[in-house]
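Position chain B against the provided structure of chain A, taking the given hints into account.
Residue numbers (the UniProt record's numbering), protein chains in the order written: chain A, 1 to 405; chain B, 1 to 405.
If you are wondering where the hints come from, they were derived from the structure by calculation, not from laboratory data.
Don't take every hint at face value.
Since the list can't tell identical chains apart, any single copy or any two copies may satisfy a pair.
Think about it this way: if two alpha-carbon atoms lie no more than 25 Å apart in a straight line, the pair counts; the simulated SDA-like pairs of lysine to any residue are [unchecked claim]:
{"hint": "1", "residue 1": "K9", "residue 2": "R99"}
{"hint": "2", "residue 1": "K16", "residue 2": "K216"}
{"hint": "3", "residue 1": "K202", "residue 2": "E320"}
{"hint": "4", "residue 1": "K216", "residue 2": "A384"}
{"hint": "5", "residue 1": "K396", "residue 2": "V89"}
{"hint": "6", "residue 1": "K203", "residue 2": "D314"}
{"hint": "7", "residue 1": "K202", "residue 2": "Q313"}
{"hint": "8", "residue 1": "K318", "residue 2": "R185"}
{"hint": "9", "residue 1": "K216", "residue 2": "W308"}
{"hint": "10", "residue 1": "K303", "residue 2": "D91"}
{"hint": "11", "residue 1": "K377", "residue 2": "Q325"}
{"hint": "12", "residue 1": "K16", "residue 2": "P152"}
{"hint": "13", "residue 1": "K203", "residue 2": "D278"}
{"hint": "14", "residue 1": "K169", "residue 2": "Q313"}
{"hint": "15", "residue 1": "K366", "residue 2": "D91"}
Chain residues, written in single-letter form:
Number of protein chains: 2
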Amino acid sequence: MSYYQMNEKLAIDYVKGLGFFSETARLVAREVGDGNLNLVFIIRDEEAQRSLVLKQALPYVRVVGEGWPLSVERTIFEANALEIHNKLVADYAPKLIHRNDQLALIAMEDLSHLQLMRYGMIEMKKHANFPQHISTFLANTLFYTSDLYMDPEEKKKLAAKFVNTQLCKISEDLIFTDPYYDAERNNINPELRPYLEEVFWKKDYLWLEASKLKYKFMTEGQSLLHGDLHTGSIFAGEDETKVFDSEFAFFGPAAFDVGKIIGNFLINYVSWWGKDVDINQIKDYREYLLNSIVDIYNLFHKKFIDNWERDAQDISVKVEGYQQQYIRRLFVDAIGFCGAVMIRRTHGLAHNIDVDGIEDLKKRSKTQIRVLELGEKLIMNREAFKNIEEVVAFVKDNLGLEMKI
Amino acid sequence: MSYYQMNEKLAIDYVKGLGFFSETARLVAREVGDGNLNLVFIIRDEEAQRSLVLKQALPYVRVVGEGWPLSVERTIFEANALEIHNKLVADYAPKLIHRNDQLALIAMEDLSHLQLMRYGMIEMKKHANFPQHISTFLANTLFYTSDLYMDPEEKKKLAAKFVNTQLCKISEDLIFTDPYYDAERNNINPELRPYLEEVFWKKDYLWLEASKLKYKFMTEGQSLLHGDLHTGSIFAGEDETKVFDSEFAFFGPAAFDVGKIIGNFLINYVSWWGKDVDINQIKDYREYLLNSIVDIYNLFHKKFIDNWERDAQDISVKVEGYQQQYIRRLFVDAIGFCGAVMIRRTHGLAHNIDVDGIEDLKKRSKTQIRVLELGEKLIMNREAFKNIEEVVAFVKDNLGLEMKI
Chain A
1 MSYYQMNEKL AIDYVKGLGF FSETARLVAR EVGDGNLNLV FIIRDEEAQR SLVLKQALPY
61 VRVVGEGWPL SVERTIFEAN ALEIHNKLVA DYAPKLIHRN DQLALIAMED LSHLQLMRYG
121 MIEMKKHANF PQHISTFLAN TLFYTSDLYM DPEEKKKLAA KFVNTQLCKI SEDLIFTDPY
181 YDAERNNINP ELRPYLEEVF WKKDYLWLEA SKLKYKFMTE GQSLLHGDLH TGSIFAGEDE
241 TKVFDSEFAF FGPAAFDVGK IIGNFLINYV SWWGKDVDIN QIKDYREYLL NSIVDIYNLF
301 HKKFIDNWER DAQDISVKVE GYQQQYIRRL FVDAIGFCGA VMIRRTHGLA HNIDVDGIED
361 LKKRSKTQIR VLELGEKLIM NREAFKNIEE VVAFVKDNLG LEMKI
Chain B
1 MSYYQMNEKL AIDYVKGLGF FSETARLVAR EVGDGNLNLV FIIRDEEAQR SLVLKQALPY
61 VRVVGEGWPL SVERTIFEAN ALEIHNKLVA DYAPKLIHRN DQLALIAMED LSHLQLMRYG
121 MIEMKKHANF PQHISTFLAN TLFYTSDLYM DPEEKKKLAA KFVNTQLCKI SEDLIFTDPY
181 YDAERNNINP ELRPYLEEVF WKKDYLWLEA SKLKYKFMTE GQSLLHGDLH TGSIFAGEDE
241 TKVFDSEFAF FGPAAFDVGK IIGNFLINYV SWWGKDVDIN QIKDYREYLL NSIVDIYNLF
301 HKKFIDNWER DAQDISVKVE GYQQQYIRRL FVDAIGFCGA VMIRRTHGLA HNIDVDGIED
361 LKKRSKTQIR VLELGEKLIM NREAFKNIEE VVAFVKDNLG LEMKI
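Just chain A, with the same shape it has in the complex (with noise of 0.2 Å):
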């Protein structure tokens, strides 16, 4: 079966062969897309009370258009990943119904009663279960495929099947190139130019870091990654998690991973500021995230020690010391990692639309400094934190004067 793209009305035709509804069921299909590269249906029996998603990636990249091609065997990678998040995390992930790869698809469970998370969080909505929910998903993901656990030939013959060079292609230009100069792509707020043209484009020493960074995103195979961790790729409930949109799947840095998520929360945290929301409110807010933060960390610390102490197969890192250096530089660079995603999103291709929901371009450009000075100090600091507690007190002390609120 060749590829083509679906529409409702085939959407519909399409899933009928799957067993999933019942034979005579009505169904009705809806696309729902918002994403750049995608489309997804939700369709419905009505009657039944049932349905699921179907997502199907375009040959290229919606957003730009047919100028911008990308192969559609990214559904092959999120498929794949899918597969092992409903074995290693089956309640933190959308249960993968069906897959076909020459049409580049695939049939979820169908999440739409739940909340993009990160529509949520400028909802100022509080997540209680999120970090127990995240750090299982993380600690198991990112030990269980690592060379911690597997057989090292296994492990090397499943990282082949994540070889997934334009996704990460698109990682290594637009999170660690291009924000450190003025490239073509970004996306960039005019009232913010000034700023990166006399200030932030001549630190040399943070694209250096930033180098640094995009090294081991590029080098260093040690578990398989999400690839996209951020809040837009969470649905949040009161009482679910779940994670989606795996197509950047890959074999990196475990770090990359939890380095994201947090900072995305610190995206959130600095959008306040610039906000038309009673201060009492924002105080309790930010109190929440930076609690958040600490138990995402420490919760995945504590879940990833755990699985080692079980699970742990190699002799080699077992030796007194090794699990300590191990994660303390899982830490450091999460921490580095962090810090660019959070500047990544305030003038390159994709921002957040905590940041951007400021629709005051001036007052906008304020607060992505902030951020941007916030990653840059998490950057370059991230050697002298001991633990994320004093991440997130560094956090409030050193935002500037007229951040605290």
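Using the frame of chain A, we list chain B on its own:
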């Protein structure tokens, strides 16, 4: 064509079809393999003075017999690596004439007019041009297959052709794991055993550093390595250097190839202690060895940087300070790998004839202890050396008084 094992007659029949020899040539074949993994035939047309080498992988480790099966796909890695060496360093690798992946064989230039470098070195032969040659080999293979030069997508696709699970596993076990405990596969001089049990195997701090190097070996996909660059993988003549046996090739840390060749020079350096050779000859040869090490490293360094200045592609690596830290890390890691390969060659599965040529086991054990002690010191102090001259001075000063000649 499915796999069948060659013998001298079948080898002659096979090469007749390659068009390398004239149709009427009278060919003579001789099996000369002394390795553990392969059959090696030299096939010769005496009249035309033409010859080639036919190398076929065996589906098991020869020395152990059929009890240690090993996939013959390693020939594919060797052929793939040779193709790249023929492009990047044509003068310093055998010319690939033919490959047949189904039969797990390659035909290549006959280099039997040259001597195995290791044998030359135990005869105190000097290879005056070797540093020039091997430094080019290293600088070109390690630079032009890295992300410094290659398009990152092409590099990842190339790396996917070198997912060399079985042979990497051999290195992971035999170099970085087994020597640090009483592993079954170790090959231990009984006179050395007390030192191992009472001293060496109690050094957890050393095992920790070896495990860190193992982590780099397993996860850092920096450049296409030869993967087994010791003096037994090199033919060296007066004016010629040919690196062969690239079946261990994979994408790993560039420092591994650099450190391995230096480590083999240092094993030879130590080996003269305990040999019945004129003391002035030893002094002279050791001077030659240390000078060679300095030249190998410094020429490599210079050529690698020349390649960088001329051909680096990625804008991220041009930022101030990046090159310096990249090269510094490569140097430090190389000294670490150098120490690790010295250690594995004393009591791991595979030894060097340099030291094992000492027939008196008691004497041999004393020399082996000096190899182990030097290897350890290089690993433990690797961060402290500023340059290769300091390493060489350290070797001279730190082998213990009784080592000085």
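Enumerated hints in conflict with the structure, sorted upward: Per hint list: 2, 5, 12, 13 and 15 violated.
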